[in-house]
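Student: Let's have the full structure, built from the sequences with the hints guiding it.
So the sequence lines, in the order shown, correspond to chains P and A. Positions 1 to 316 (our numbering) are the ones given, in order, by the first sequence. Positions 1 to 250 (our numbering) are the ones given, in order, by the second sequence.
One or more hints might be untrue.
The list that follows gives simulated cross-link-like pairs (lysine to any residue, SDA-like), each with its CA atoms no further than 25 Å apart [unchecked claim]: (1) P:K107 / A:G108; (2) A:K164 / A:M1; (3) A:K139 / P:L184; (4) P:K107 / A:G69; (5) P:K107 / A:W77; (6) P:K107 / A:L71; (7) A:K139 / P:L193; (8) A:K139 / P:R6; (9) P:K107 / A:P91; (10) P:K77 / P:G55; (11) P:K107 / A:I67; (12) A:K139 / A:T186; (13) P:K107 / A:F13; (14) P:K107 / A:R74; (15) P:K107 / A:L70.
To be clear, the hints were calculated from the coordinates, so they are not data collected in a lab.
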Amino acid sequence: MALLNRHGANAVIWILLLTAPVWMHWVGGYTELGSRVLVMALAAMALNFLLGFTGVLSFGHAAYFGLGAYGTAMTIKYLVPSTPLAMLVGVVVGTLAAAIIGALIVKLRGVYFAMVTIAFGQVFYFITFRWNNVTGGDDGLTNWYRAPIDLGFTKLDILHNPEIFYYVILFFFAISVALIAMLLRSPFGRTLLAIRENERRARFLGIPIERHIWLSFVISCFFVSIAGTLYALLNNFVDPRALRWDLSGNFVIMAVLGGMRSFWGPLVGAVIFVVLQDYVSSMTENWESFIGLFFVLIVLFFPRGVLGIIRRKATS
Amino acid sequence: MSLLRVESVSRNFGSLIAVREVSMTVEPGELRAVIGPNGAGKTTFFNLISGMLQPSAGRIVFDGEDITGLLPARRVWRGIARTFQITEIFPELTVRENLRIPVEGAAGHRLQPWLSRDADAAVRARVNELLDMGGLAAKADRLVGELSHGDQRATEIMMALALKPRLLLLDEPTAGMGDQETYDITRLIRRLHRDQRLSIVLIEHDMRVVFHLADRIMVLAEGAPLEEGTPAEIAASERVQAAYLGKAAA
Numbered sequence: 001m002a003l004l005n006r007h008g009a010n011a012v013i014w015i016l017l018l019t020a021p022v023w024m025h026w027v028g029g030y031t032e033l034g035s036r037v038l039v040m041a042l043a044a045m046a047l048n049f050l051l052g053f054t055g056v057l058s059f060g061h062a063a064y065f066g067l068g069a070y071g072t073a074m075t076i077k078y079l080v081p082s083t084p085l086a087m088l089v090g091v092v093v094g095t096l097a098a099a100i101i102g103a104l105i106v107k108l109r110g111v112y113f114a115m116v117t118i119a120f121g122q123v124f125y126f127i128t129f130r131w132n133n134v135t136g137g138d139d140g141l142t143n144w145y146r147a148p149i150d151l152g153f154t155k156l157d158i159l160h161n162p163e164i165f166y167y168v169i170l171f172f173f174a175i176s177v178a179l180i181a182m183l184l185r186s187p188f189g190r191t192l193l194a195i196r197e198n199e200r201r202a203r204f205l206g207i208p209i210e211r212h213i214w215l216s217f218v219i220s221c222f223f224v225s226i227a228g229t230l231y232a233l234l235n236n237f238v239d240p241r242a243l244r245w246d247l248s249g250n251f252v253i254m255a256v257l258g259g260m261r262s263f264w265g266p267l268v269g270a271v272i273f274v275v276l277q278d279y280v281s282s283m284t285e286n287w288e289s290f291i292g293l294f295f296v297l298i299v300l301f302f303p304r305g306v307l308g309i310i311r312r313k314a315t316s
Numbered sequence: 001m002s003l004l005r006v007e008s009v010s011r012n013f014g015s016l017i018a019v020r021e022v023s024m025t026v027e028p029g030e031l032r033a034v035i036g037p038n039g040a041g042k043t044t045f046f047n048l049i050s051g052m053l054q055p056s057a058g059r060i061v062f063d064g065e066d067i068t069g070l071l072p073a074r075r076v077w078r079g080i081a082r083t084f085q086i087t088e089i090f091p092e093l094t095v096r097e098n099l100r101i102p103v104e105g106a107a108g109h110r111l112q113p114w115l116s117r118d119a120d121a122a123v124r125a126r127v128n129e130l131l132d133m134g135g136l137a138a139k140a141d142r143l144v145g146e147l148s149h150g151d152q153r154a155t156e157i158m159m160a161l162a163l164k165p166r167l168l169l170l171d172e173p174t175a176g177m178g179d180q181e182t183y184d185i186t187r188l189i190r191r192l193h194r195d196q197r198l199s200i201v202l203i204e205h206d207m208r209v210v211f212h213l214a215d216r217i218m219v220l221a222e223g224a225p226l227e228e229g230t231p232a233e234i235a236a237s238e239r240v241q242a243a244y245l246g247k248a249a250a
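Tutor: This is the structure:
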């Protein structure tokens, strides 16, 4: 295990991600499955910024994921077929909504916070569900496609070439993850750990708790809306399930499954979740019960998640 | 000018009056002890000074400014730091990280997403200084939750000190400690007071510690001030003996 220190583990993860389009086929996967893993992993890591490193549970993160997705889809469908602009709109919409709602709920704690995040999430769900002529209602927004990205010197055909699109997603994933890592290692990140560990102590060390939780919530939703924009582009489609509460629950499951105290935990959780979903759902409609069962077993026997098991083995 | 002036504060919880018209002034560099039987309102009194509770009546003036309505964090920024009766630390972080958080706060880095190399070096140096002062250098990289009660207490005091406070509030720093640990903590507090001229208000049950450390003592009983004076005066007071020492002797 000595090889798997932090730098070693980071190197292994990045190499695996960079070469995924090559080796995925060897193990029976396909490139789009890799893209889906990256998108879900980014969402789960974004949620975990709040859950694992600030100690605040949100059950409504799909709302900002979905707003990112709808912002992107509607920009391309109704305004301009530009992928970068659509992503920008999606992220701005998602983050702005989080900034406003975050300010309203930041005084709540624990279960109350979680409940109110669900409630606000469902508000957005029902708006997209009901507003047929703009959002496409229950059928979702179809008949739009991600546009090639023009870099000036070359054009990235992300629509027809899944490998190129995978690397575009990996690019955004890498930047987001690097930013998250930087924030967590900063003085600001340590104030969040302080809040997670002991809110009273943190308050009496002069940390304005509400302001920092609000910032953490908004930052977390910023990254989750990036994941949402990529999700819409990946599917060339978005429907109200992209912001429903069960998807929020899935993000939480991914983070807890992989290990919410470890940086890469949510990535591991997302890999397990998405692959299991893909594999089991091809055999039975009841794939969710299998994921549920797996989740229950992990939480019962390994409360620190899959990475928690590995870490304990490594230190003992 | 007095550093802290508490003017006739009261606090009730429903019909229970926990603190009744208590006044106290603390001069710069003074070490003041607050004693009294259980339920005398000592901790509530601390909570009023540190902002955890709002007084029902009265005024609190720190360094010439009224701080009665200020939030706890803002009182910390002005220079009031405290510890708790039941140790409040960050158990799953190392001692070093526990100290680093308040050091960065005191240096104004709280919201920064990164630190310059110079700022980082300054923070590390200050953390090491605090580790040495608290006798924690050998345990710096252990999780604080795994340490002995005495070391956790010392960590908590050093965390408060990391804020560079002008007034330090210590709520029963030796509670639950053995003789050796009590001795160590007492020596640490004495050093802070003597060497750094830090103003300290101390709640304490261990009378050896109180009489060894305090410049002046205030006695609370049933939420109200009973007596105030030098250790010698308090030891000689019949009222205090009747209400407090007498009860313990009986």
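Student: Confirm or reject each hint.
Tutor: Structure-based check of each hint:
1. P:K107 / A:G108: 24 Å, holds
2. A:K164 / A:M1: 20 Å, holds
3. A:K139 / P:L184: 24 Å, holds
4. P:K107 / A:G69: 19 Å, holds
5. P:K107 / A:W77: 21 Å, holds
6. P:K107 / A:L71: Answer holds: K107 (chain P) to L71 (chain A) is near 14 Å, not above 25 Å.
7. A:K139 / P:L193: 20 Å, holds
8. A:K139 / P:R6: At roughly 22 Å apart (the allowed maximum being 25 Å), R6 (chain P) and K139 (chain A) satisfy the hint.
9. P:K107 / A:P91: 24 Å, holds
10. P:K77 / P:G55: 38 Å, violated
11. P:K107 / A:I67: 23 Å, holds
12. A:K139 / A:T186: The given pair, whose Cα atoms are some 20 Å apart, holds under the 25 Å limit.
13. P:K107 / A:F13: With Cα atoms ~23 Å apart, K107 (chain P) and F13 (chain A) stay inside 25 Å; holds.
14. P:K107 / A:R74: 17 Å, holds
15. P:K107 / A:L70: Since the Cα atoms of K107 (chain P) and L70 (chain A) sit roughly 17 Å apart, the hinted pair holds (cutoff 25 Å).
Hint 10 alone, counting from the list given before, is not met by this structure.
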